[in-house]
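A.B. asks: In case you want the letters, here they are:
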Amino acid sequence: MSALDLTTGPDGRGRLYWLLSDVANIVRRGLTHYRRQPVNIAWQLGFPILSVLLYGYVFGSAMTVPGGGDYKDFLMPGMFVMTMAFGFINTATVVVHDSTKGVIDRFRSMPMASSAVVAGRGVTDLVVACAELAIMMLTALAMGWRPDGGWGFLAAFGLLLWLRFALIWVGVWLGLLVPNPEAAGGLFAVAFPLTMISSIFVAPQLMPDWLGWVAAWNPISSTAAAARDLFGTPAGGGDSWVEQHALLMAGLWPLVLTAVFLPLAVRRFQRLSR
Amino acid sequence: MNDAYAVRAEGLEKRYGEKRALDGFDLAVREGTVHGLLGPNGAGKTTAVRILSTLVRLDGGRATVAGLDVARQARQVRARIGLTGQYAALDEVLTGRQNLEMFGRLFHLGGRRARARAVELLERFDLTDAADKGVGGYSGGMRRRLDLAASMILAPAVLFLDEPTTGLDPRSRGDVWDAVRALVADGTTVLLTTQYLEEADKLASRITVIDQGRAIADDTPDGLKNLVGGDRIEVVVAERAEIPRVVKAVARVADGEPETDETELRVHAPVTDRVAALTDVARTLQDEGVGVEDIGLRRPSLDDVFLRLTGHRTDKEAAA
Numbered sequence: 000m001s002a003l004d005l006t007t008g009p010d011g012r013g014r015l016y017w018l019l020s021d022v023a024n025i026v027r028r029g030l031t032h033y034r035r036q037p038v039n040i041a042w043q044l045g046f047p048i049l050s051v052l053l054y055g056y057v058f059g060s061a062m063t064v065p066g067g068g069d070y071k072d073f074l075m076p077g078m079f080v081m082t083m084a085f086g087f088i089n090t091a092t093v094v095v096h097d098s099t100k101g102v103i104d105r106f107r108s109m110p111m112a113s114s115a116v117v118a119g120r121g122v123t124d125l126v127v128a129c130a131e132l133a134i135m136m137l138t139a140l141a142m143g144w145r146p147d148g149g150w151g152f153l154a155a156f157g158l159l160l161w162l163r164f165a166l167i168w169v170g171v172w173l174g175l176l177v178p179n180p181e182a183a184g185g186l187f188a189v190a191f192p193l194t195m196i197s198s199i200f201v202a203p204q205l206m207p208d209w210l211g212w213v214a215a216w217n218p219i220s221s222t223a224a225a226a227r228d229l230f231g232t233p234a235g236g237g238d239s240w241v242e243q244h245a246l247l248m249a250g251l252w253p254l255v256l257t258a259v260f261l262p263l264a265v266r267r268f269q270r271l272s273r
Numbered sequence: 000m001n002d003a004y005a006v007r008a009e010g011l012e013k014r015y016g017e018k019r020a021l022d023g024f025d026l027a028v029r030e031g032t033v034h035g036l037l038g039p040n041g042a043g044k045t046t047a048v049r050i051l052s053t054l055v056r057l058d059g060g061r062a063t064v065a066g067l068d069v070a071r072q073a074r075q076v077r078a079r080i081g082l083t084g085q086y087a088a089l090d091e092v093l094t095g096r097q098n099l100e101m102f103g104r105l106f107h108l109g110g111r112r113a114r115a116r117a118v119e120l121l122e123r124f125d126l127t128d129a130a131d132k133g134v135g136g137y138s139g140g141m142r143r144r145l146d147l148a149a150s151m152i153l154a155p156a157v158l159f160l161d162e163p164t165t166g167l168d169p170r171s172r173g174d175v176w177d178a179v180r181a182l183v184a185d186g187t188t189v190l191l192t193t194q195y196l197e198e199a200d201k202l203a204s205r206i207t208v209i210d211q212g213r214a215i216a217d218d219t220p221d222g223l224k225n226l227v228g229g230d231r232i233e234v235v236v237a238e239r240a241e242i243p244r245v246v247k248a249v250a251r252v253a254d255g256e257p258e259t260d261e262t263e264l265r266v267h268a269p270v271t272d273r274v275a276a277l278t279d280v281a282r283t284l285q286d287e288g289v290g291v292e293d294i295g296l297r298r299p300s301l302d303d304v305f306l307r308l309t310g311h312r313t314d315k316e317a318a319a
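These protein sequences, in sequence, are chains L and R. Residue 256 in numbering that gives the first Met the number 0 sits at position 257 of the first sequence; the count goes up by one each step and never skips. Residue 272 in numbering that gives the first Met the number 0 sits at position 273 of the second sequence; the count goes up by one each step and never skips.
This is chain L alone, in the form it adopts within the complex (with noise of 0.2 Å):
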């Protein structure tokens, strides 16, 4: 049986090597779904680009912006924002697949590092999501949106990806939690609301008080308002404290996110061998 053994591989290979190519491997198998199936970005886009048209053009000529500017400009980070918050429903959705389909399992019952499984769907989600937010800014782009270019475009791009790596862990979390992929697609009437109670349509001080308050507080504000800074388009202003340090909390938000629901993700993994 010593010909079959194959955990260290036939070059007598270390760990490490193949835990990156177990990644490589979950990555290159999430990336090909994207490959024959090229419409399910176009799926994901849609409902940015559809509130782009929507809000840009049917509300806009109604939206004001505090403290001036297009409402065109001031909507567009925002839109990147939604981008990536609604993508912790892909990747739940992908990991309720999975589980209940007992591919988890299958790979859980091979000699592949099983830390990979976890760690392929994240690498691929942001990829996914890089090309996501360049899709939606040669959108931005064709619309006549004008940002600054240089450190600050690229600091607002790692801002939002940095986000959309806090959210995978609560993709990954809900994904095992969820008991069918019917029901992941629930998760939908979730994210809207909370994606909507935020500075991504209208600037929290035009709110009332107390919803102007959650709205500021909400982790995505806090993205879009330095993604708004950093790309030198209208902010919206605010003078609550939280809307004054955005870039401080952009930062921290995820942080805080990935503290709370990486190990809720991992320890939902691990009860999978209970």
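Any given hint might turn out to be false.
Derived lysine-lysine pairs resembling DSSO-like cross-links, with alpha carbons at most 27 Å apart [to be verified]:
hint: 1; chain 1: R; residue 1: K132; chain 2: L; residue 2: K100
hint: 2; chain 1: R; residue 1: K201; chain 2: R; residue 2: K224
hint: 3; chain 1: L; residue 1: K100; chain 2: R; residue 2: K18
hint: 4; chain 1: R; residue 1: K247; chain 2: R; residue 2: K224
Read the hints as simulated data drawn from the structure, not as lab findings.
Given chain L's structure and the hints, the job is docking chain R onto it.
C.D. replies: Quick look at chain R alone, frame taken from chain L:
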């Protein structure tokens, strides 16, 4: 530990809250055989398979697979087993070929060997024509075959098949059986759980019956049938009113109390002197002018074994 056993479990325990899924379960599977694991729903079949395939931690007892401890040497065990669960665990979006290549690379074969192995397995399971179609469009039988192929990428020492033909049509079931027989011919040991007793009877050389987390019988299919008793005489009548007279006629020659099935108008009982009993009952019923639809001798089926051992019918019939 005896080398001739591919799987050994001693006193396995698994608790889920108050419920004892496994309660001192023992199992010994000889190398190179198909071993059936039968039991009603919730008896612990799937839990046992999940523990032996390293998916679930055990709470007590010990188990070895291919001579390796499932708790302490899980990773080495995983390089020697294949698992086909109740659902075909495949990527629905990828093609059949892409699935096998992905699993091959995750078995650490490397790209070139993974591709070559995929071609071999597609050929062997008669999936070459569908190799480059998405699995989402496969029939149930094709999925099962691809699932089996994925379990066999490393030519496993032990293959766990958890209800591999549930929901398949008879022809696809036959295909799966052929694949299993071919595997065993190559030296793989198979642990098979199934709700089709006929399947266990056809494939397994030995069967363990599990109920409430314990092994309650372990024997060859014939041995199990003998446990229930030998042949039975069976009479089916045309009218319900005839049943008492038939019971009386059968009781005279039977070794035990005749059993009556009121809905099927059937009376049956164990007999030892087969032909004499049959002749006697036939003559008596004819003399009394009882309208007989059918009369004959029957070997007990595994269904009878099951009913006797566990006190209930199989899942399939319980669900019906």
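A.B. asks: Now, for every hint given, state plainly whether the structure supports it.
C.D. replies: Structure-based check of all given hints:
| no. | hint | verdict |
| --- | --- | --- |
| 1 | K132/R to K100/L | 19 Å, holds |
| 2 | K201/R to K224/R | 14 Å, holds |
| 3 | K100/L to K18/R | 25 Å, holds |
| 4 | K247/R to K224/R | 26 Å, holds |
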